[in-house]
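**Q** Line by line, the protein sequences give chains A and B.
Offset between the first sequence (1-based) and this note's numbering: plus 104.
Offset between the second sequence (1-based) and this note's numbering: plus 104.
Keep in mind that the hints were calculated from the coordinates and are not lab data.
In this text the structure is predicted, and so the values were computed from the model without any measurement.
Careful: at least some of the hints might be erroneous.
For identical chains, the list gives no copy identity; a pair is met inside one copy or between any two copies.
Unchecked claim - Straight-line Cα separation of at most 25 Å, PhoX-like style, residue types lysine-lysine; simulated pairs:
1) K770 / K183
2) K724 / K192
3) K781 / K241
4) K394 / K566
5) K172 / K146
6) K172 / K183
7) K575 / K199
8) K192 / K770
9) K340 / K200
10) K724 / K146
11) K637 / K146
12) K753 / K627
13) K242 / K136
14) K200 / K118
15) K233 / K381
16) K118 / K753
17) K199 / K682
18) K781 / K250
19) K770 / K319
20) K319 / K200
21) K241 / K118
22) K340 / K115
23) K241 / K136
24) K241 / K192
25) K319 / K115
Protein chains: 2
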Amino acid sequence: MATFNNNVPTKFPKLAPRGPAGDLVLAAERAKASFDPQDLTKFMYDEEWLQRLNRILNIIENEPAFDKSERYFLGRTDKVNQAYWKDKRTVELAKKHNWTEADVQMASFLWDQSSPFSLHSSMFLPTLKNQTNDEQKKLFLEPALKHQIIGCYAQTELGHGSNVQGLETTATYIPESNEFEIHSPTLTSSKWWIGGLGKTATHAIVMARLILNGKDHGPHPFCVQIRSLEDHRPLKGITVGDIGPKFGFNTTDNGFIMFEHFRIPHISFLAGYAQVKPGSGEYVRPPNAKLSYGTMVYVRANIVMGVRFALAKAATIAIRYSAVRNQFVDATNPRKWENKVVETAVLDYTMQRYRLLPIIAQAYACFFTGREMLRLYNENQKNMSSGNFSLLADLHASSSGLKSLCTTMAVQGIEDCRRACGGHGYSMFSGLGLFYQDYLPNVTWEGDNYVLTQQTARYLAKQFRGVAANKTSENELNFTSAYMYDFLQNPSSQCPATQASDFLNPEILLGAFRFRAASMTQKLVHALDNQGKSWNSMTVEIARLSKAHAQLILLSNFVSGIQNARNELASTSLAALKTMAMLFATHTIEQELADFLVSGYLTPEQASYVKEITLELLEKVRPDAVSLVDAFGLPDYYLHSALGRYDGKVYESMTEMAENEPLNHKLVTDSYEECIKPLIHAGKAEGRWNGEGMSAKL
Amino acid sequence: MATFNNNVPTKFPKLAPRGPAGDLVLAAERAKASFDPQDLTKFMYDEEWLQRLNRILNIIENEPAFDKSERYFLGRTDKVNQAYWKDKRTVELAKKHNWTEADVQMASFLWDQSSPFSLHSSMFLPTLKNQTNDEQKKLFLEPALKHQIIGCYAQTELGHGSNVQGLETTATYIPESNEFEIHSPTLTSSKWWIGGLGKTATHAIVMARLILNGKDHGPHPFCVQIRSLEDHRPLKGITVGDIGPKFGFNTTDNGFIMFEHFRIPHISFLAGYAQVKPGSGEYVRPPNAKLSYGTMVYVRANIVMGVRFALAKAATIAIRYSAVRNQFVDATNPRKWENKVVETAVLDYTMQRYRLLPIIAQAYACFFTGREMLRLYNENQKNMSSGNFSLLADLHASSSGLKSLCTTMAVQGIEDCRRACGGHGYSMFSGLGLFYQDYLPNVTWEGDNYVLTQQTARYLAKQFRGVAANKTSENELNFTSAYMYDFLQNPSSQCPATQASDFLNPEILLGAFRFRAASMTQKLVHALDNQGKSWNSMTVEIARLSKAHAQLILLSNFVSGIQNARNELASTSLAALKTMAMLFATHTIEQELADFLVSGYLTPEQASYVKEITLELLEKVRPDAVSLVDAFGLPDYYLHSALGRYDGKVYESMTEMAENEPLNHKLVTDSYEECIKPLIHAGKAEGRWNGEGMSAKL
């Protein structure tokens, strides 16, 4: 035991960082901007959204349950427990302030982590709203809306993710008692990965194979009570628990569940679509399944909008820190600050700009495409309700490719931003590490990003065949068949650019993206139809094709979105956005250069123009960099990053956060007595210099 | 409070997984192999290493301090405390079993995580060995070897990583008392990221600016006692602590330290190289600094060898799981098992092979290059001791590019393997998540991977200029200048391949890699010397050039390494390795296709041959996949992965590990009473169906 007071928290001496102070540096950066970030902010978020953000932020910033200061220090169990407090407090605040659903969503957006109740709101309630009859709404939805029952959505099994038709859990109808018997026949049939199921949910939407009179009708949804509403104990016949720690998402109790001949009443079968006649157990088919594709498009549109926030958050942190952080004096072009030569801001190194500025452009690209997807979703829903499915196929295929491309781009962008922050990017205080961990599942769920590309490519091939066989008349061309059609007018055309600056022309850029995607589709169709290649053997090219199509959509929506914003934005803001769009295009060509060269549309010389113009664009964007991320309007509470603070006080923040490290609450670590002292004192006998005599006394 | 016994651990019912059992599947895979993995294992590791591995493994597998079963569940503080026990026990075991340094390293290799004492062995001891005089060896090294003092290496500061010359900490000589005064003038001068400093080290090698009679001689090393050897308290004038949680490496107490006019005796200045005359404070220059470059090469060679293990570990887990995991029935080519049609193993999907098999090839490539780097290091050390520095420049430049390329490749490979495991790759039980987190710093430390590429490119440009100006005569050509020389003989030559199978010819493949690197060097030199481009403006191309050179070295060593192994390996093993080398080459060309096309050496048609042959090679490697990872001989204890077990019992292992999740040790979560019950019971008044009547009783 320590013979002194060991409970002395470590405090840093009150010293200033060397070099230009972060707040002054960022102020100077902001003064350089060619446009007013407020103008862009108001354009991207409507007034109502911004007011909501500030109103909710003011409330939760003062709520202990929403305090983030412990976030990076908690172990798994504490993370979950803290999330319970936040969930419970959210329900209370919603009552107290009469929060709308949008208000609750804003609170959870700002909190920026999943929680045990997340799936209750995002999956359980919507399923009950869409797939129940009136009696079931009264029985399940009403109490669920009041949190008198808490639910989750149990589809994935230990042995089956992507392949829903391969699910093993069965629901056998028992006419005698008018019940269903839910059963898990094997270990792999255990439901797995189910958010909120581990220790929280009282009910679960269970996807199980419907067995009627011995016939297997495939997976159908059941609303099943799994825990007692009196004492929360799992009901008899159920084995349920948490699946253990994950790479991220540890604030949620993702769970497993197994059923042993578990009986549920007939009413549990969600009768919104298909139905089972009581007694006879006769099966009544569901209506047009196509309708559900609409929902998928909606989910994916929101994922793309989420990618905008993900890239914006990562870029905000990395750009602000790269403006504040200095490294090396650039001898050829020394930086002056208050008439003294100081080290160069890392953001002024070409490679750092090349690594970071295109990520800002990607964020804006996702904003314009996400917005367009939501517009098309609404248009399509209206059409479908009047029996018009003309938009659906293109919309669904594009949304698959966009979800795949954009989430992969987001994960890459977050990690590129983290690495661009050097050593401190590896500290949890950067805010990028945990964010990366929590964001990562997006590349796997809602359709694995590789599997999804096959849906897109299958549609593109179909469109190409139609156009090639002149089955598609010019007036019925959509976005996709239109560029296939143009391509087929002249499949050997070449890019007209004769100098670097030609690549500032949107039409020249779009032409390259169109030709690339169309010619890759042609190659695929040729391989499948004329060379007898199997689909499986072409999946590598298929993934590339889907990416090419999605990148074309991103650029196309970016360009037209700016066009349509002519009257909503100041010319300076429009100019800044145009530069972003050009940078997005040329940087993407550089990244995918092989495709463009193989298609024969670009020559190696034109490729060198693209590299040249990309560097020029980076130069041009540089003075606007900080304002371009400011425009995303992400508050410090949301970022929770020592490196990304609006005021640029990076080093003060790093040291403050370090003072909160639990290991620093004692002078000498608890392990000293047991693990360190025995080794060190083993040598006490031998006389040896121990320095203390020569250092100042304690 | 629960009215029932809540301490009932959750247990899975004893059921078997559906489909072919994992152990039988892997046995069948192993039976398919075209070679004996043991043969490759013995070739890669010498007999002594394998015996050591088994001897040490047998000991630590039965040591509670080395138990890994809690690893994925621990929070930060517990991680550190567990690592202390493991460190202390290692010291005891080393005594008990007379472990050599190599034995200790093997134990830490198998443990596979950093710890508070890691830097004591890896940096503190080597520095004391190399940079001290005899008196200092007695004073510091001897007690350090016995763990009577524990040290760390304090160079990086809060404000300075890469730029060592920018360090701020000062060490001012005080002639009167023959002492140095260590001081931290600003907040940014705080030492930061120092492994083992946070709560452990009694001593630190501190890099501080040596100030003699007012003159600044730049950073020099001092051995400074920082904590009491009596009670471990930080000495007066020192602020020291842990820098807080990191993305990974949380088993180590990376620390910060600030000095307030802290006095240390003259003896603390490490006098191995430079010296300071007592009293006068006169500075005596160090010998040839070049010598230290040798050490850098050694460190980097070991990093490349480490990449081999990193990729081998990730690939072993992903390949075994992909062989066991089934998804979808492939209608065109249904899989039979015991005469029943079963789902297809994911490893039989082209995209999965494309994602995983090249990673095995990269691991073997790193083995051959790492081995060659070590050979050259030894040869160069011998040369230098006799004053011959001819090898140094090329070796140092290549090692920079190789460290940069290989560690980036490793991080990408680990993450690609994790994603290829689908949902379960996101579970910590996959073993890939924590591994990725802990491995990641390799891309930043020992030279940031982007900064390093400039060292390589600078050397390549120099070589090119020499050859172009005929300053290098043919007989003094080294590996690098030789391929520049060949290129300049015919800078517009083209790849002779006329059919896909030509890309199975090593000379044709090597020719392409040589031409690409040389022509990229030519472009860089032209831009710098003739177009007046600044170095900074070329850093994007510079990074690509360094990568091209490093990839050429990897392929070249791979091919020659197989050549030289003719007599050490069975022909079947040699054939398997050759296929690996081809796959490494063609897959790399595909990934970097733009470079090869822009150089004009490959035509788009030849590019299509490369894609074609790559798919053929994937087909050919497939039956050997499991045996190729078995050959790395990585024991289950080292992998600690539910998905990567040698016996393929994936689902049994996932569920066993989940049973250990602390949240599953109680039926009802502790948060129920406070956070869930109030919401649910709020509705008890209202009558509503609660299911229990209809389900079996508890």
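**Q** Does each hint fit the structure? Answer for all of them.
**A** Going through the hints against the structure:
{"no.": "1", "hint": "K770 / K183", "in the structure": "both (23 Å within a copy, 17 Å between copies)"}
{"no.": "2", "hint": "K724 / K192", "in the structure": "neither (49 Å within a copy, 57 Å between copies)"}
{"no.": "3", "hint": "K781 / K241", "in the structure": "between (66 Å within a copy, 23 Å between copies)"}
{"no.": "4", "hint": "K394 / K566", "in the structure": "within (18 Å within a copy, 64 Å between copies)"}
{"no.": "5", "hint": "K172 / K146", "in the structure": "neither (27 Å within a copy, 52 Å between copies)"}
{"no.": "6", "hint": "K172 / K183", "in the structure": "both (11 Å within a copy, 22 Å between copies)"}
{"no.": "7", "hint": "K575 / K199", "in the structure": "neither (58 Å within a copy, 82 Å between copies)"}
{"no.": "8", "hint": "K192 / K770", "in the structure": "between (33 Å within a copy, 21 Å between copies)"}
{"no.": "9", "hint": "K340 / K200", "in the structure": "neither (37 Å within a copy, 53 Å between copies)"}
{"no.": "10", "hint": "K724 / K146", "in the structure": "within (24 Å within a copy, 57 Å between copies)"}
{"no.": "11", "hint": "K637 / K146", "in the structure": "neither (51 Å within a copy, 41 Å between copies)"}
{"no.": "12", "hint": "K753 / K627", "in the structure": "neither (54 Å within a copy, 42 Å between copies)"}
{"no.": "13", "hint": "K242 / K136", "in the structure": "neither (59 Å within a copy, 59 Å between copies)"}
{"no.": "14", "hint": "K200 / K118", "in the structure": "neither (42 Å within a copy, 48 Å between copies)"}
{"no.": "15", "hint": "K233 / K381", "in the structure": "within (22 Å within a copy, 84 Å between copies)"}
{"no.": "16", "hint": "K118 / K753", "in the structure": "within (14 Å within a copy, 57 Å between copies)"}
{"no.": "17", "hint": "K199 / K682", "in the structure": "neither (45 Å within a copy, 69 Å between copies)"}
{"no.": "18", "hint": "K781 / K250", "in the structure": "between (57 Å within a copy, 13 Å between copies)"}
{"no.": "19", "hint": "K770 / K319", "in the structure": "neither (66 Å within a copy, 39 Å between copies)"}
{"no.": "20", "hint": "K319 / K200", "in the structure": "neither (51 Å within a copy, 67 Å between copies)"}
{"no.": "21", "hint": "K241 / K118", "in the structure": "neither (61 Å within a copy, 37 Å between copies)"}
{"no.": "22", "hint": "K340 / K115", "in the structure": "between (54 Å within a copy, 14 Å between copies)"}
{"no.": "23", "hint": "K241 / K136", "in the structure": "neither (57 Å within a copy, 56 Å between copies)"}
{"no.": "24", "hint": "K241 / K192", "in the structure": "within (24 Å within a copy, 61 Å between copies)"}
{"no.": "25", "hint": "K319 / K115", "in the structure": "neither (70 Å within a copy, 32 Å between copies)"}
In terms of the numbered hints stated before, the structure departs from hints 2, 5, 7, 9, 11, 12, 13, 14, 17, 19, 20, 21, 23, 25, listed from lowest to highest.
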